[in-house]
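Novice: If you read the sequences in order, they're chains X and C. Okay, so the first sequence: first residue is 1 according to the numbering used here, each after it adds one. Okay, so the second sequence: first residue is 1 according to the numbering used here, each after it adds one.
Hint data in this document are derived by calculation from the structure and do not stem from the laboratory. Every value quoted in this text rests on a predicted model; they were computed, and no experiment measured them. Backbone N, C-alpha and C fix where the C-beta goes; we use that ideal spot for every residue, glycine too. Relax, there's no trap hidden among the hints.
Here are the computed lysine-lysine pairs in the DSS-like style, where the Cα-Cα straight-line distance is at most 25 Å:
(1) C/62 <-> C/179
(2) C/276 <-> X/310
(3) C/115 <-> X/256
(4) C/444 <-> X/256
(5) C/270 <-> C/149
(6) X/80 <-> X/95
(7) C/441 <-> X/158
Some residues of chain C that are not near chain X, with every Cβ distance over 12 Å (derived):
(8) 145
(9) 401
(10) 427
(11) 430
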Amino acid sequence: MPFNQKPEKFAAKINTVTIGNGDKAIALGGESVLPLYTFDGPIDNAPKVGVEITDLGVEDIPGVKAYYEGCGSVADMAKKASEMEGADFVVLSLKGGDPNGEDKPTEDLVAIVKEVVAALGDYPLVVEGSGNVEKDNELLTKVSEACQGTNALIMSAKEENYKTVGASAGLAYGLNVGAESAVDINLAKQLNVITTKLGVNPEKIVMNIGNAAVGYGYEYVVSTMDRIRNAALSQNDDTLQMPIITPVSVDAWSVKESMASEEDMPEWGPAEERGIGMEIMGAAADLVSGSHAVILKHPQSVATIAKMIKELV
Amino acid sequence: MALNGIQIFKMTPKTNCKECGSPTCMAFSMKVAQGAAEISACPHMSEEALATLAEATAPPMKTIKVGAGDKEYTLGGETVLYRHDKTFVSRTRYAISLCSCMDDADIDAKLEAMKKVDYERIGEQMYVEMVYVNYHEGDAQDKYLDIVKKAAATGRVLVLGCTDEAVAKAALDICKDGKPILNGANAANAEAMSKLATDAGVVLGVSGADLNELYDTVAKLEGLGNKNLVLDTTGADVKTTFANTVQVRRAAIKNEDRTFGYPSIVNLSKIAKDDKYMQEALVSLFTMKYGSIVVLDQMSYDVALPLYGLRQNVFTDPQKPMTVEPGIYPINGGDENSLCLTTVDFALTYFVVSGELERSGVPCNLLISDAAGMSVLTAWAAGKLSSGTIAKFVQENVEDKIKCRKLVIPGKVAVLKGDLEAKLPGWEIIVAPDEAVQLVKFMKEFK
Ligand code: SF4
Chain X
1 MPFNQKPEKF AAKINTVTIG NGDKAIALGG ESVLPLYTFD GPIDNAPKVG VEITDLGVED
61 IPGVKAYYEG CGSVADMAKK ASEMEGADFV VLSLKGGDPN GEDKPTEDLV AIVKEVVAAL
121 GDYPLVVEGS GNVEKDNELL TKVSEACQGT NALIMSAKEE NYKTVGASAG LAYGLNVGAE
181 SAVDINLAKQ LNVITTKLGV NPEKIVMNIG NAAVGYGYEY VVSTMDRIRN AALSQNDDTL
241 QMPIITPVSV DAWSVKESMA SEEDMPEWGP AEERGIGMEI MGAAADLVSG SHAVILKHPQ
301 SVATIAKMIK ELV
Chain C
1 MALNGIQIFK MTPKTNCKEC GSPTCMAFSM KVAQGAAEIS ACPHMSEEAL ATLAEATAPP
61 MKTIKVGAGD KEYTLGGETV LYRHDKTFVS RTRYAISLCS CMDDADIDAK LEAMKKVDYE
121 RIGEQMYVEM VYVNYHEGDA QDKYLDIVKK AAATGRVLVL GCTDEAVAKA ALDICKDGKP
181 ILNGANAANA EAMSKLATDA GVVLGVSGAD LNELYDTVAK LEGLGNKNLV LDTTGADVKT
241 TFANTVQVRR AAIKNEDRTF GYPSIVNLSK IAKDDKYMQE ALVSLFTMKY GSIVVLDQMS
301 YDVALPLYGL RQNVFTDPQK PMTVEPGIYP INGGDENSLC LTTVDFALTY FVVSGELERS
361 GVPCNLLISD AAGMSVLTAW AAGKLSSGTI AKFVQENVED KIKCRKLVIP GKVAVLKGDL
421 EAKLPGWEII VAPDEAVQLV KFMKEFK
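Sequences and hints are given; from them, build the entire structure.
Specialist: Encoded structure:
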């Protein structure tokens with residue numbers, strides 16, 4: 001008696017969101033099956049991998065530094081990132097604008113964005129703000145203006161500033177809007193609802209439902225994503241059918257496991273290898289839980305996750 | 001396939017003798033169907049009826065025990081596909097892989113590296129639980145047995161990957177007391193392997209060319225009376241292996257197809273051989289989706305630290321928060337003269353706060369008191385974190401060990417400042433920012 005295979009197919013579908021233009025454009029979502037379950041039905045748009053760079057220049061991680069060697073500007077880095085093995089899109093983080101950090105003026109950051117846009121052309125771009133809600137009100141409005149026509153994704157609209165970010169990125173300049181919540185299905189839903197009410201096309205919204213490094217309350221991420229996918233597909237909840245993008249690198253590289261020096265923890269071996277492990281395992285877990293795109297920064301992690309996706313989908 | 005009241009009623013003697021405490025057999029049957037009574041309360045059920053009931057009410061996935069003594073592990077026994085429905089009960093176990101095709105130096109190096117990974121993370125000891133010893137067809141039997149001996153000497157649970165009956169028998173003679181798994185049954189040798197495993201009292205691993213063959217072989221083994229099984233769901237490539245592993249678990253849990261109601265083995269040394277980074281990605285994937293045992297080429301800290309952290313998170317009870325032990329945690333080389341900060345024992349809060357404090361580079365002491373595993377605001381609202389609890393903890397556990405008399409409290413409970421100053425004479429109470437991410441700046445600017 002053969003095994004009675006029972007594929008789990010749903011009538012509902014994840015929205016398809018396109019980032020970038022022309023043949024370099026990428027599409028996120030569009031499937032009617034659980035994450036990576038190609039044995040249940042087709043996944044036309046395989047999950048995508050983004051490479052993060054920041055306005056602060058090259059980071060002091062040997063493999064990252066070596067990769068960007070010779071880059072004289074952030075725009076050079078963006079170009080180089082777009083050529084990385086496994087890369088589908090580039091993520092420019094403007095964290096230098098954070099008032100609690102470097103507090104770079106908006107004009108300087110917008111100038112960088114313009115250079116990056118010019119360097120990348122049609123290649124898909126995601127821009128992350130400073131992370132500070134007030135600063136991002138102004139910063140992301142100007143960034144959206146600078147990205148007009150690129151079909152970029154602007155991150156992030158949060159509950160506190162979705163009106164300005166949604167209105168500029170989504171309405172005034174026709175870009176994609178990242179809706180950022182903090183690991184809670186109800187907050188994610190609420191933000192999608194109010195952003196849509198504002199007039200933003202649901203097909204232009206990508207969710208960032210929040211993240212954690214593996215080992216650091218990651219179970220909340222898993223359960224939030226599981227629940228969102230369940231609501232989107234089996235309950236046909238159209239306020240949760242937006243594809244999900246997950247920034248992995250930020251959390252992965254800021255925990256003890258990846259930051260403690262080898263001098264302090266000789267048993268642990270080189271910090272870089274640990275950071276890569278945190279990044280790879282976080283990304284793989286995110287993808288199987290429901291992320292349609294992950295943001296990474298180390299060339300080794302980018303290549304590995306891209307290869308895993310290729311083998312699975 | 002739970003039975004309803006009528007189906008159960010048909011199996012009772014229908015005498016209404018009331019010994020079960022119910023007025024009639026029918027009433028009793030209804031209670032049993034709802035889970036309000038145990039079938040054992042009726043002393044008059046026939047053996048046959050009890051067996052039928054046991055089968056019908058058995059959990060969808062068997063619980064399989066491997067290993068012996070304090071190295072005994074439980075695999076399977078899951079009842080849900082998602083952790084938010086109910087806790088996953090048996091965490092994924094990891095094995096490193098040895099093979100008769102490897103040279104001695106290689107094998108010794110792998111075993112040595114494996115032994116080094118042994119550390120505690122939030123109350124749980126982390127190490128490699130198992131060693132997979134693969135017999136490569138045609139290799140010398142003696143060489144394989146030597147490796148089995150070496151692997152057994154580590155005290156880890158062995159998984160013997162061996163489809164050769166004679167070699168498997170010799171290997172079991174060496175290590176059967178440690179209750180290894182004999183991963184060697186397939187469509188061709190099921191009967192003989194099953195006998196070997198049953199005689200030795202060990203779990204049998206089953207594989208098949210595809211899911212249909214695996215299914216048939218399991219059905220055959222069950223027909224022989226062997227239900228002490230694990231299923232090797234490793235396929236020819238990554239995609240097939242993922243499809244197999246998910247579908248086997250889903251068939252068992254969602255579709256109650258008990259033939260597939262067994263734990264799984266996923267062998268990454270086969271589908272991502274010598275590719276360390278790919279194995280990192282896949283071990284995470286199969287920890288999330290349904291690998292009971294995952295086999296890796298080797299283990300080192302750069303793999304273990306993220307992996308065991310992930311596993312610890314995924315297999316937590318959603319109803320019960322993870323906590324850290326109350327105590328004084330020095331950070332950045334903090335000593336008795338360093339600034340004190342306090343927060344709750346909820347593991348997530350502890351990790352976030354201690355991480356930010358580490359990033360600040362400023363030496364300090366983090367004081368963790370018992371707050372029932374709640375976050376700061378919840379603990380405060382529930383009365384588990386108050387000026388009283390903090391003051392008591394400081395007086396009983398801190399004052400005789402720390403000379404510094406400055407205490408930073410979470411910004412979210414700034415209201416406690418006045419009370420604390422009254423309760424802790426001699427201490428200066430300082431209010432931290434609301435969010436942990438602001439701590440780096442706060443610490444650097446603190447004088
Ligand atoms: S004890 Fe058994 S036979 Fe007697 S009334 Fe109860 S169910 Fe019926």
